[in-house]
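In the working numbering, the protein residues as written are 292 to 495.
No lab work stands behind these hints: they were computed from the structure.
Heads up, some of the hints might be wrong.
[Claimed, not checked] Ranges between beta-carbon positions, derived for each pair:
1) 381 x 356: 32 to 40 angstroms
2) 403 x 298: 13 to 21 angstroms
3) 423 x 468: 15 to 23 angstroms
4) 364 x 294: 17 to 25 angstroms
5) 403 x 483: 26 to 34 angstroms
6) 457 x 485: 20 to 28 angstroms
7) 378 x 468: 38 to 46 angstroms
8) 430 x 376: 19 to 27 angstroms
9) 364 x 468: 28 to 36 angstroms
10) 485 x 416: 15 to 23 angstroms
11) 380 x 415: 33 to 41 angstroms
[As the list claims (entries may be wrong)] With a straight-line cut-off of 30 angstroms between C-alpha atoms, the simulated DSSO-like cross-links for lysine-lysine are:
12) 409 x 307
13) 353 x 299
14) 425 x 353
The C-beta atom is built at its ideal place from N, Cα and C for all residues, glycine as well.
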Amino acid sequence: MDFYYDIKERFFNLIKEKDLMSSKVEVVSARTLTPQEVIGKPERDDFPLLKGKEVMLQADFKGSLGQAFTDLPGNYSGSLREILAMFLDNNFKRAVFVATLNAVLRHLNYISKTVHCKDKEPGECAAHLVDYIKERFGNLRIAFIGMQPAMVEALAAQFEIRVVDLDPDNVGQRRCGVLIEDAAHTKEILSWANIVLATGTTAV
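Construct the entire structure; sequences and hints are all you get.
Right, dumping it as structure tokens:
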């Protein structure tokens, strides 16, 4: 878990620097949201969230919200100190940590867009992603880890793309015109690609 160790260490140092460990408002609450609360009524119905494959946790830190996907729903309330001490040994705890990280960094104005887009926004977001990649990298090969259908469809129209997913309902199928490959091909796909895009779920 070197990935999380590094993030926790940086997060700890930031919270210590900002004196949030002893803040009077120490409670971070996370709750599972319904698909409608998270994504509204998007133009397509093939998002994992709408198919019941994932749920969204939402953390609230001093009025700033952060979210994270997980396949283990639940509720949690605790201080930042407690969350930093938490052993991240399952998907629920990792989602609580990621949602909390997002909420705190938003509170500190380090990041924005910590809440999932709704209704028509997923399609708009996918179009922005295509523009972002074109402007910064030009024409290239993309490895996409996880399945976000609006993004995969938009990217596939403009770039060479290969997608890896763990969902057995997707693997071996064509989604958005792209063959969804299983995790056994990950190393090969990463070598083939110029850049890697990964869904938030893959970090949990």
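Here is what the structure says about each hint:
1. Between residue 381 and residue 356 the C-beta distance comes to about 23 angstroms, which lies outside the given range of 32 to 40 angstroms.
2. Distance hint check: the CB atoms of residue 403 and residue 298 are about 19 angstroms apart, consistent with the given range 13 to 21 angstroms.
3. One distance hint, 15 to 23 angstroms for the beta-carbon pair residue 423 and residue 468, holds here, with the actual separation near 21 angstroms.
4. One distance hint, 17 to 25 angstroms for the beta-carbon pair residue 364 and residue 294, holds here, with the actual separation near 23 angstroms.
5. Here the CB-CB span from residue 403 to residue 483 is close to 33 angstroms, well matched to the stated 26 to 34 angstroms.
6. As the Cβ distance of residue 457 to residue 485 is approximately 23 angstroms, the hint placing it in 20 to 28 angstroms holds.
7. Checked against the hint of 38 to 46 angstroms, the pair residue 378 and residue 468 passes, with Cβ atoms roughly 42 angstroms apart.
8. At roughly 46 angstroms, the beta carbons of residue 430 and residue 376 sit outside the given window of 19 to 27 angstroms.
9. One distance hint, 28 to 36 angstroms for the beta-carbon pair residue 364 and residue 468, holds here, with the actual separation near 32 angstroms.
10. A C-beta distance of roughly 22 angstroms is found between residue 485 and residue 416, which places it inside the suggested range of 15 to 23 angstroms.
11. At about 37 angstroms, the CB distance of residue 380 to residue 415 agrees with the hint of 33 to 41 angstroms.
12. Restraint check for residue 409 and residue 307: not satisfied, since their Cα atoms lie roughly 34 angstroms apart, outside the 30 angstroms limit.
13. Taking the CA atoms of residue 353 and residue 299, the gap is about 20 angstroms. The hint holds against a cut of 30 angstroms.
14. With a C-alpha separation of about 37 angstroms, the suggested pairing of residue 425 with residue 353 is violated against the 30 angstroms cut-off.
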